[in-house]
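K.L.:
Each chain, written out:
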Amino acid sequence: MASRDVVRYETPLSTAFKWLSAIFIAIYVVWTVLPIFIMFMSSFKDLLEAFKLPAVGDWGGIMVFFDFTPTTKHYYELFANLGFTTYLFNSLVAAGGSAVVSVVLGSLCAYSLSRIDFRGKSDLFFWIISTRMAPVVAVMVPLYWIFRELDLVGTLPGLILAYTTFNLPFAIWILKGFFDNVPYAIEEAQMVDGATRFQAFRAILPLVAPGIGAFIVLCILFAWNDYLFAAIIGSGGAKTLPAATRELVQPQNIQWGQIMAAGVVTTLPMMFLGLVIRKYLVTGLTMGAVKE
Amino acid sequence: MAGKSSSSLELFRVRHIPDSVESRPVSMVAAEPKSVNPAASKRYYFLLMAPAILVLAFISIYPFFWMIYMSLHEVDIGKAEWNNFANFTRLLDDTRFLSGWWLLFQYSLMCLTLQLIIGVFLAVALNGSRFEKVLVTTLLMPMMMAPLVAGMVWYFLYNGTFGWYHWLLQSVGILGPKSLLASSSTAMIGIVLVDVWQWTPLITLITLAGLKRVPQDQLEANMVDGASPLRNFLSVTLPNLYPVLLIAIMLRFMDNFRFIDSALVLTGGGPGNATKILPIYLFEVSFKFFKLGRGAAIALILLIVTIILGMLLVRIFDRQQPSKV
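If you read the protein sequences in the order shown, they are chains A and B.
The opening residue of the first sequence carries number 1282 in this note's numbering; numbering runs sequentially from there.
The opening residue of the second sequence carries number 352 in this note's numbering; numbering runs sequentially from there.
Calculated directly from the structure, the hints in this document are not laboratory data.
From the three backbone atoms N, C-alpha and C, an ideal C-beta is built for every residue, glycine too.
Hints are not guaranteed to be accurate.
[As the list claims (entries may be wrong)] Distance condition first, Cα-Cα at most 25 angstroms in a straight line; then the derived BS3-like pairs of lysine-lysine: (1) K1402/A x K430/B; (2) K484/B x K1299/A; (3) K1572/A x K484/B; (4) K1333/A x K1354/A; (5) K642/B x K430/B; (6) K1572/A x K563/B; (7) K484/B x K563/B; (8) K430/B x K639/B; (9) K563/B x K1299/A; (10) K1560/A x K1572/A; (11) K1560/A x K563/B; (12) K529/B x K1333/A; (13) K484/B x K1560/A; (14) K393/B x K1402/A.
[Claimed, not checked] With beta-carbon atoms standing in for the labels, derived distance ranges: (15) L1488/A x N388/B: 22 to 30 angstroms; (16) F1360/A x R582/B: 55 to 63 angstroms; (17) G621/B x P1487/A: 51 to 59 angstroms; (18) L597/B x D1404/A: 19 to 27 angstroms; (19) S534/B x Q1531/A: 42 to 50 angstroms; (20) F409/B x F1332/A: 16 to 24 angstroms; (21) L405/B x I1467/A: 23 to 31 angstroms; (22) D1404/A x D427/B: 31 to 39 angstroms; (23) I659/B x P1351/A: 46 to 54 angstroms; (24) G621/B x K1299/A: 38 to 46 angstroms.
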C-alpha cells in the first residue's frame, strides 16, 4: 500500500475523478447484478406477473416488478414433470466425472513433466495447450463422427470423454505450475528414508492438495457450464442442465418461468463453488498466467 | 507505531521487491537431479505420463486426422466419398463463410474494445477502495453463469414486449419499439453486450492483479516531482499493466472463437445473416444440415487459424514467465 508520508494534493480534478468513479462503480454493479436478480425473481413469478412492464417512460412504474405473489410451481414443475432430476444427475456425473478423470491423469502427467527434461518437451507442451484452445465447435465435428461409430453419442461416458478434451489439457498445464513449486528435495528425503518413488509422490500430494482441489472445482465449472457438447454429443440419453434448459424454448410456447427456474438451478451451485475457490479463480481463468 | 522515529525508519524499508530479484534458496529446484539413475527415472516418469497422453491423443490427434479425412470427402451417414477438394473449393465463393470471418472479427474487436475500456477503468476505480473485496466478489457472479443461461436471461431482457432492458432503452429514448435483436443493424450490439456483461469482470480482475504490482515508490517519486495523477497513470501505471493486459486480450480473443453458446440462443446468427459469426455458421453447416464433410473443411481452417493465434499466445506467456515451460 502507498505510504502516507507523501502529501497528496486534493485538486478539484482528483475529487471529480473520485466521484466519477464512485458513480461508475455504482452503475456497473447495478448492470451486473440486475439480470441475475431479475432471473431469480422471475423464477418465483407466475407467467403473467413476469410479463408485467410499466408503460414506456413511466419510471415510477418500476415498482410493478415487486408486485407479485411468490410461487415455487416452476421449480416443482421442473423436477416433478420435466425430468430435471435426471438432467441434474447427468450434469453432476458428466462434470464431476470429467473433472476427476482430468485431474487424476493430469496431476500424474504434470508431476512427471515438472520432474524431468527430455527432447521435444516444449513441443509436447504446445500440443497440450493447443488442444485446450481449439474451438469447441471445430473439435466436435470429427469427435461426433468418431463417437457415433463407437456408440458413445448420447451416453454419459461419451460426454465425460468430450469434456476431457478441454479439462485434461487445462489440468496438466495448470498443475505443472504447482508441482514446479515443490522442491525435489522433499521426495529425495522421503526416498532416503526408504520410500519408493510412488510413495514419495504421494507424500508431496498434501502440499499441492489445495490447488488440486481448487482445479477439480474449476474443471467441474467448465464442464457444467458447457452447452455445445451437451447439445450434440449428449443429445438423447445424456442431456445436462444447460441442454435441457435450451429445450424449454418451444417455437410457439416459451415457458419463461420454467426457464428462469432452470437457470437458477444451473447457476446457483456454480456461484457457490466460485466463492469457495475465489483465491484460485484468477489463476485458473487465465491459465496460470496471472496470479493475484 | 507512534512518533517521528518510526516514520523516518520507514524511509529505509524496501517497499517493493521486483519479481525478478526475489531470490530462492538453491534447494528449490523441482527437476530431478541428473545424478539419479537417468534411464530408470525416465521410464518411471514416462509411465506416469502415459495415461494422460494416450487419452489426450485419442481425443485430439485421432480426431484431427479424421477431420482431415472428412474434409476431403463427401460425408454422409455411414459413408464417405472422395470429392476432389470440393469442400474447400466451394468455400471460396461461399459468401456466408467469408462474411463469417468478417463478422467474427468485428464481434471480437467490439467485445475486446468495450471490455478493455470498461474493465481497466473499473479496476482503477476499484483499486484500494474500501469495498474492493465485496465489489469484486459481486462482479464475479456473471462469470460463474453458464453462457447459455446468460444468453437466455438476456434474451428475456431484450424481448420487445416484456423485456426490462428493452423497456429501459425505450424509456431513455435510444430504441424504438423494435427489439435490439430483431433488427439486423443492432443485433450484433445485442450479442456483444452480453459478452461484455459476462466477461468484463475478468479483465477487471486481471487488471487489479496487475495494479498490485505497479511500483508504488515510483508513483510517489513522480508525485513529489509534481506529476499529475493522470500523467502518473499514463507513464507509470499503464506500462506496468501492459503485460497482464496482453494476456487478458489474448485470452478473451481466443474465447470469442471458442464459445458461441450465448450468441446461439440470442440470435442464432440472425436476423438474416447479420450475426452469423464463423463458429455459428460452422455449427449450422455441421449439426443443422449435417454436411459433415463441408463442416470439417471449415473446422480445419478455423482450427489452424486458432492454433496460429495460440502459438502467439504461448509465446507471450513464455516471455511473461521464463521459468514456465
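K.L.:
Hints first: check each against the structure and report whether it holds.
P.N.:
Hint-by-hint comparison with the structure:
1. K1402/A x K430/B: Violated - the C-alpha atoms of K430/B and K1402/A are around 38 angstroms apart, more than 25 angstroms.
2. K484/B x K1299/A: 18 angstroms, holds
3. K1572/A x K484/B: 16 angstroms, holds
4. K1333/A x K1354/A: 19 angstroms, holds
5. K642/B x K430/B: Judged against 25 angstroms, a Cα distance of about 12 angstroms means the pair holds.
6. K1572/A x K563/B: With Cα atoms ~10 angstroms apart, K1572/A and K563/B stay inside 25 angstroms; holds.
7. K484/B x K563/B: Measuring from Cα to Cα gives roughly 14 angstroms; hence the hint holds.
8. K430/B x K639/B: OK: K430/B and K639/B at ~18 angstroms, within 25 angstroms.
9. K563/B x K1299/A: Holds, because 19 angstroms separates the two Cα atoms, which is no more than 25 angstroms.
10. K1560/A x K1572/A: 9 angstroms, holds
11. K1560/A x K563/B: Holds - the C-alpha atoms of K563/B and K1560/A are around 15 angstroms apart, at most 25 angstroms.
12. K529/B x K1333/A: Satisfied, since the Cα-Cα distance of roughly 18 angstroms is no more than 25 angstroms.
13. K484/B x K1560/A: Holds, because 12 angstroms separates the two Cα atoms, which is no more than 25 angstroms.
14. K393/B x K1402/A: Roughly 13 angstroms separates the two Cα atoms, so the pair holds.
15. L1488/A x N388/B: 22 to 30 angstroms: At 25 angstroms between Cβs, range holds.
16. F1360/A x R582/B: 55 to 63 angstroms: Roughly 59 angstroms apart at Cβ, these two residues keep to the hinted range, so it holds.
17. G621/B x P1487/A: 51 to 59 angstroms: With Cβ atoms ~54 angstroms apart, the hint holds.
18. L597/B x D1404/A: 19 to 27 angstroms: Holds, at about 24 angstroms.
19. S534/B x Q1531/A: 42 to 50 angstroms: The hinted range 42 to 50 angstroms is violated for S534/B and Q1531/A, with Cβ atoms some 24 angstroms apart.
20. F409/B x F1332/A: 16 to 24 angstroms: 49 angstroms, violated
21. L405/B x I1467/A: 23 to 31 angstroms: 29 angstroms, holds
22. D1404/A x D427/B: 31 to 39 angstroms: Since D1404/A and D427/B have Cβ atoms about 36 angstroms apart, the given range 31 to 39 angstroms holds.
23. I659/B x P1351/A: 46 to 54 angstroms: 53 angstroms, holds
24. G621/B x K1299/A: 38 to 46 angstroms: Holds: the Cβ-Cβ distance is about 44 angstroms, inside 38 to 46 angstroms.
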